[in-house]
Structures are given as structure tokens and as C-alpha cells.
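Participant: Since the structure of chain A is provided, determine the placement of chain B on it from the hints.
Here is what each chain is made of, one letter per residue.
There are 2 protein chains.
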Amino acid sequence: MKKYSITIISTGSEITGGKSQDTNSMWMANELAGLGIKVRNFLALPDDPEIIYDEIISLKDKSIQRKDEIAWFILTGGLGPTEDDYTVDVVLKILNKPSEIVEKARLKLESIYRARGRDLGDLLPAVLRQTRIPADSIPLDNKVGIAPGFISELAPNINLCCMPGVPPEMREMFTKRLLPKIRDSISPTKMYRAEKFIWNQGESLYQEKFVKNHPILQTGRIEWGVTAKRGYVKVTYLSPEESDLAKILSDLDKSFPDSCSDDIFSLMPKILIERNQKIAVAESCTGGWVGKLFTDLAGSSQYFISSLVTYDNIAKENILFVNSETLLKKGAVSPEVAIQMTNGLEKHFDVDYSLSITGIAGPDGGTDEKPVGLVYIATKKKGQAARVLEYRFPGNREIVREASSHNAMFQLFKEITQ
Amino acid sequence: MKKYSITIISTGSEITGGKSQDTNSMWMANELAGLGIKVRNFLALPDDPEIIYDEIISLKDKSIQRKDEIAWFILTGGLGPTEDDYTVDVVLKILNKPSEIVEKARLKLESIYRARGRDLGDLLPAVLRQTRIPADSIPLDNKVGIAPGFISELAPNINLCCMPGVPPEMREMFTKRLLPKIRDSISPTKMYRAEKFIWNQGESLYQEKFVKNHPILQTGRIEWGVTAKRGYVKVTYLSPEESDLAKILSDLDKSFPDSCSDDIFSLMPKILIERNQKIAVAESCTGGWVGKLFTDLAGSSQYFISSLVTYDNIAKENILFVNSETLLKKGAVSPEVAIQMTNGLEKHFDVDYSLSITGIAGPDGGTDEKPVGLVYIATKKKGQAARVLEYRFPGNREIVREASSHNAMFQLFKEITQ
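Quick note, the sequences are listed as chains A and B, same order. Using the working numbering, the first residue of the first sequence is number 1, and each one after it goes up by one. Using the working numbering, the first residue of the second sequence is number 1, and each one after it goes up by one.
Simulated from the structure, these hints should not be mistaken for lab results. Heads up, some of the hints might be wrong.
[To be verified] Below, computed lysine-lysine pairings styled on PhoX-like, alpha-carbon distance capped at 25 Å:
{"hint": "1", "chain 1": "B", "residue 1": "Lys2", "chain 2": "A", "residue 2": "Lys19"}
{"hint": "2", "chain 1": "B", "residue 1": "Lys19", "chain 2": "A", "residue 2": "Lys196"}
{"hint": "3", "chain 1": "A", "residue 1": "Lys60", "chain 2": "B", "residue 2": "Lys60"}
{"hint": "4", "chain 1": "A", "residue 1": "Lys229", "chain 2": "B", "residue 2": "Lys229"}
{"hint": "5", "chain 1": "B", "residue 1": "Lys2", "chain 2": "A", "residue 2": "Lys2"}
{"hint": "6", "chain 1": "A", "residue 1": "Lys19", "chain 2": "B", "residue 2": "Lys181"}
{"hint": "7", "chain 1": "A", "residue 1": "Lys229", "chain 2": "B", "residue 2": "Lys176"}
{"hint": "8", "chain 1": "B", "residue 1": "Lys2", "chain 2": "A", "residue 2": "Lys60"}
{"hint": "9", "chain 1": "B", "residue 1": "Lys19", "chain 2": "A", "residue 2": "Lys181"}
{"hint": "10", "chain 1": "B", "residue 1": "Lys108", "chain 2": "A", "residue 2": "Lys370"}
{"hint": "11", "chain 1": "A", "residue 1": "Lys196", "chain 2": "A", "residue 2": "Lys143"}
{"hint": "12", "chain 1": "A", "residue 1": "Lys60", "chain 2": "B", "residue 2": "Lys67"}
{"hint": "13", "chain 1": "B", "residue 1": "Lys212", "chain 2": "A", "residue 2": "Lys19"}
{"hint": "14", "chain 1": "B", "residue 1": "Lys19", "chain 2": "A", "residue 2": "Lys229"}
{"hint": "15", "chain 1": "B", "residue 1": "Lys212", "chain 2": "A", "residue 2": "Lys62"}
{"hint": "16", "chain 1": "B", "residue 1": "Lys143", "chain 2": "A", "residue 2": "Lys3"}
{"hint": "17", "chain 1": "B", "residue 1": "Lys143", "chain 2": "A", "residue 2": "Lys229"}
{"hint": "18", "chain 1": "B", "residue 1": "Lys209", "chain 2": "A", "residue 2": "Lys19"}
{"hint": "19", "chain 1": "B", "residue 1": "Lys330", "chain 2": "A", "residue 2": "Lys209"}
{"hint": "20", "chain 1": "B", "residue 1": "Lys270", "chain 2": "A", "residue 2": "Lys62"}
{"hint": "21", "chain 1": "B", "residue 1": "Lys93", "chain 2": "A", "residue 2": "Lys176"}
{"hint": "22", "chain 1": "B", "residue 1": "Lys19", "chain 2": "A", "residue 2": "Lys270"}
{"hint": "23", "chain 1": "B", "residue 1": "Lys181", "chain 2": "A", "residue 2": "Lys67"}
{"hint": "24", "chain 1": "B", "residue 1": "Lys347", "chain 2": "A", "residue 2": "Lys347"}
{"hint": "25", "chain 1": "B", "residue 1": "Lys229", "chain 2": "A", "residue 2": "Lys19"}
{"hint": "26", "chain 1": "B", "residue 1": "Lys347", "chain 2": "A", "residue 2": "Lys19"}
{"hint": "27", "chain 1": "A", "residue 1": "Lys19", "chain 2": "B", "residue 2": "Lys67"}
{"hint": "28", "chain 1": "A", "residue 1": "Lys19", "chain 2": "B", "residue 2": "Lys108"}
{"hint": "29", "chain 1": "B", "residue 1": "Lys67", "chain 2": "A", "residue 2": "Lys62"}
{"hint": "30", "chain 1": "A", "residue 1": "Lys229", "chain 2": "B", "residue 2": "Lys62"}
{"hint": "31", "chain 1": "B", "residue 1": "Lys19", "chain 2": "A", "residue 2": "Lys19"}
{"hint": "32", "chain 1": "A", "residue 1": "Lys62", "chain 2": "B", "residue 2": "Lys93"}
{"hint": "33", "chain 1": "B", "residue 1": "Lys19", "chain 2": "A", "residue 2": "Lys247"}
{"hint": "34", "chain 1": "A", "residue 1": "Lys93", "chain 2": "B", "residue 2": "Lys93"}
{"hint": "35", "chain 1": "A", "residue 1": "Lys67", "chain 2": "B", "residue 2": "Lys62"}
{"hint": "36", "chain 1": "A", "residue 1": "Lys19", "chain 2": "B", "residue 2": "Lys38"}
{"hint": "37", "chain 1": "B", "residue 1": "Lys19", "chain 2": "A", "residue 2": "Lys212"}
{"hint": "38", "chain 1": "A", "residue 1": "Lys190", "chain 2": "B", "residue 2": "Lys62"}
Isolated chain A, as found in the complex:
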């Protein structure tokens, strides 16, 4: 692979104003990572021609200073017909060149106007603006919308590529026409990628226990990363050798035998839908969070029947038939109540799996015997006995609640898959 540097630039005042999430940068970086190409940085800029001009000039200067690198600045946004679409004008100023109309784009615009029954005389300069690119640049067809993209050489081996910000237009253009050009210019080796979740373990424990002692990870020929989540960590490995990944994943399973999984959030719905199985949940301290997590996904109605959030004891009794004596003697946060909650679900629903959570989220309500963070999670398969696990989550109310919700889903996943 040659020396290279890639910067992704998103323009739009709605992005820097905090009104719109820029999803294009992440999407492109992920596509590039799939080919083993790393992005140096993302930049988001407002629709301000002076700022865009300054930043591109500064990127160019810094790339020239770094010497002998192939640079790609991939910019999205600002190619539309409206007054705040400045991208082409800024690039014209940088290149000191005139613009030219891309004939293909103009014809497409005309045919759309004709189809709408509007006169070609309506093709005002403002509308035609979006078919312009700088002279001597390489046009990139827009198969989804109107505005063409383009690649301009700012200096030898320093390329600025501009694309529309509308995601489907950008994605088609990027995948089909830009990505092959970038890959060919730096000819990377193919990277294989693997991801695992490790449950109820901190990031530092994973590092101490696994990374520090692993022969392959210590060689440096593998790239890896850790994303800390509530109640689990997500670990990612990238390697040119598939066999390295296989070895690491197998060692990881051995190091964390009961607490390692694939991405359960995408896997569990798939399994349930394939098997046509149904689930129901009973929540206390998580207050609806587990229900929310399940129903975040489109299609959850195919397997998710209900979550009964029995926050108050009266709700545990009235809705889930939890024994008032058990509540009195053992307390709402007890393995017995967790189990009775799954039984209560089965009285209402003919589901394949039941899940319950009861715990002390804090900040109040903890005692020496039952501190904040104590949580019981029970799972039950129809026709079998319930299983219950005790957790002690560190952290504040929000952390305890989210870690509980995530680990409840993991325990249900284990119940479903074993």
C-alpha cells in the first residue's frame, strides 16, 4: 500500500448547528475500512464559502508538507440548486477555473421538467447551477438524482472529490465510481474483520486478561479496538490473515466462556423470526428500557408480545400475581420475585421465552445487604424451570439501568440459543 491520507468533509449548517446528524462520513469510512483503507479525519463545515475555502486550502497545504502521499479529500453537500449551495463556486475559486455544464445532467434535468409538464424556459440559471462542475475535472454520474459529482486535482496526487450530500445519491456514486478509483490509487491489501461482545466485563479487565497476553495481538500485525458499552464491551479485530482472526476468536471464547457472544441485538431477532417464536418481558428497575430496546427494531412485532413494567409492588401483585408474602419476606429485589415474574408472564401469554428483571437502580433504596446495583435477571423457556442470575453493577442509576437491560437481553439470548 502506498502512503496515503483520506479526509472526509461534510458540509451543511444544519450539521454544525446540531440539527442534523452527519451519517455520510461514518458510512463512507465503514466502506473504506472494508477494503482496509483508513480515514485520517472527518471534518464538518457550515455552509459558509469562506470557511470551506480556508479549510480545503489548509488541507492541501498540510498534505503537501507531509510529502509523497496520495491525498483524497472527499466532500459531500452543497451541490444543489439553492443559494446556500456553495461547493462548486468554492472549488472554482481554488482551481481558478471556469465552470462547465455537464451535458448528461442537463438533459436529465430537462426530461424531468418535461415529464412534469413544465416549460424548458423554466430552466432558470438557479436550477441549472446544479449541473455545473469545474472545467477539466472528472465528472461522476449521479444515477439517483441530478447534480453530478466531480474529482478535481488540487496538486499532483492531491484530489478533491465532491458529491451530493443526499445519502442515496452519494452512496451509489461513492460505491460504483469513486471507491474503485481510490482503491486503485493506493492498492491496499484486503482486510478481514471480526467483532465480538464481552458481557459484564470492563474494558481494562479485557485488556489485562486478554490483549496483554495474546501472542497475535502483541505482534502488531492485527488492528483492534474496543468500544465500551453499558454492561459490555464490543471488541473489533482487523487482519490481512483470516486465520489470525479465527485463532483470536477461538481464544476469546476460551478466556470468556460464559460471557462472549456475537452481536445479539441483530442475531436474536433473526433467530426468533426464523423459528417463529415469541417472547414477553417483565421489568421493574429498568422501567421499560428492555421493551424499548426490543421495539427499537423494525419487525419486532413478529416476536415481541409485551413488556409488563411492574414498577410498584402493587403492579407486581395485580399484574404478575407475585405473592405478597414473598414480596414481604424476600423483598421485591430477590431471585424468588424474579422467578415469579416470569411465571406471571406465562399466565398471560403463550410465549416461548419469558424474561424478567428486578433490581435497585438507586440512588436511594440500597442497604448493606442489598446495595444499589444489585439486580436479578430471570429467564424461562416454556415448560422448563426458570433460571435466575445475580448481578452487581457498578455506577449510577442510568448505568445500572442500561447495563441491566443489556445483560437481560444477553441472558435471554443464551436461553434461546442453548
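Facilitator: Frame of chain A; chain B shown alone:
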């Protein structure tokens, strides 16, 4: 306001690698917009100390060139205990200063170790790393996690602020400790502040209908901002004159008579606790989100009894006694079913107020007659008839669900306070 420039920097190879969406930048820009403060640019960088160093130096140099501006570089990420957490080391190199341990953070770390029954000898240097900040920098308490943030002066009026990347840690730190400092540095006169929520209205409507025509807002002597939330906007006004604020708030009430409120998320719990009243919720499309929002707050057990998430129709029938014929004839997403859901709650619980939500969150399940985004929200006071409102929320599944949850809470608030 003085001349200023703000850059938000997110660090993390999982961000530039396309594995994680950076949501921190947008969130901070949105909060800053709430005070009328604009962000110049966002930057995302990998966990690479050389790149982070280069970029900060280059930001500093460019800010010095722009002259007489107050600059804030707000960086998140890289403050954790692991090997790829480079932020403090990079800043030490830039400042040419040693690090120092923040005693408060070290004590917190120790107490967590003690609570887990682990020996203090386990406090390895790797773990202690996250309690360091550069000498002579201003520490920022981390109330949610361990690693403290800090503010370092790179040059006169050029500040680098580093915070953890974990969103709840960063958010608490940003709102409570950093945002006031930024505001004071840019606009140091004492300002009175007022905030209102406007429900189920877009930002542009608010601008057209209110801001454009308001005599005081047009004078420029007031600073104002808008924070876009799901299902509402939060408007903030800052003025050296209290009387200006009173006038604006009263005019706002007149312009949005049914859709303007104070912060219901803090007000509603207070009212319910004072009155010793109880509530219960029945959810469908929101899947537990409303329950989660109520129970996010400590003390919610004083008024929140239950949320019954009857996602599947069978749950609506079995748990809430919704009439199967009504479900068949009117559909699950209908005012009739919303009302029956509140009635079902009253059969289980002796609560003062009941709330129900049923709707089509999408992406599937919409028809011409009942499109995605159609949502019914019913509220009922004990002994009175239920009231139901129809909403048509624009946006994707997540937006519809969150906007529904928020507006359901607003309708309950209105039921409680009128």
C-alpha cells in the same frame, strides 16, 4: 458577543473507522445553539497521538492567525484507562507540562474497587492513568464516571477542553461545568435566562410565526437559541433585562396557547410527589420508551406505578381488556383503542391519571388511510372521561417513537395541571 470560534473534536478510531457514529458533536452543537452560539467546525480523529497533536497545533495556529478571537477546542474521547487513550499524553506534549492526579477522581476509583471487593493494590498504573490531567489545567468533575475532564490554555484566549467520550459522562460535564464557562467567555455581561418548550412544532414554524415578528427579538438586545428535540423545540432567551424576558414569555404563551410549557420533565414529578398522586401508562408503538422516560428519574417510584407495554394485539386484549371487536373494526391504531387502553389501566390500578399511546412507528404497517407517523394519545383522570388526541409525526421509526413518547408526557402534564 465577542468574536469567537468553536471547534468540536471527537477522537476514536472506531469513529473514523466507520464503526461508531459520533453523536457527541451534534449533541454539543445543539446545546450551544440553544444559547445562540455557532460552531465553526467538527473534526473527528483516530486514536493516533501524532494526528491528534498535529491537528490541535494547526487549530491553534489558525486561530492565532484569525486574531482577537476567543477560541474553544472541545475534544471528547481518549481519557480512559487503556493503551489507546492518548489524549492526556498529547496535551502534556503540547503544553510541555507534567501530569498530576486529580485526588477526587482517585478516591472515587478506590471506593469503586473497594465496593467490588478488590484490593487497592489492584490500582495498577494503567487504571490510575484515567485520573490524570495536565498540571495547571482546570479540572472538570466527572459526576457520572471516573475520568475527569480539564481545560488547558494553549495561548491567551485559546482554550482546549478535553472530556470523556462516553455520552452521559460528557453531557453532564458539558452542561453543568463547561457550557457556562464558554458562554461567560464570549458574552460576559450578567444575563437572565428563560426557557420554554414548544410542542409538536418545527423550528422553522417557530421562527416564521414568532421570532420574525417579535419587536424585542428583532432589536438584537436579546440572545436567543433553539434546541431541536424530538417532538418539541426548546427555546432559550438570554437578556440583561428581566422585563424583556417576561414580555417574551407572555407573548409566546399567546402565540402557542396549547403547545407551550415549562420543562415538564422536571415539573411533572414534582407536582405528582407534592400531591401524592399516582400514574400508570399503557404503551404500544413506543414499546416501553414512556416507562423508561418516567423511571429515568430517581424518585419515580413515588408516583409511577406501572407501564403495560401491550405491543401485540393479544396483549392489548389479555392485559388491558381491549375489545377484540374494536381491534378488528377500528384497528389497534384508533382513538377507540387508545381510550380502552386507559380504561384497562384503571381496572388494574387505583391511579389518579392514566396515559396511553398507540400508533404506527414504521417503517412498515402504514396505509394511505393510516400512514406511518399516525399516533393516538389518550389521557384520563380518575372519575372523568378520557381525552384523546391524534398526531401525525414526520420522520423515521425512531423519530416517531421518541416524538410520541415526549408528546404523551406533555399531554399527561396538561391533564394533571388543568
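Participant: Which of the stated hints cannot be reconciled with the structure, identified by number in ascending sequence?
Facilitator: 5, 8, 11, 15, 16, 19, 20, 21, 23, 26, 27, 28, 30, 34 and 38
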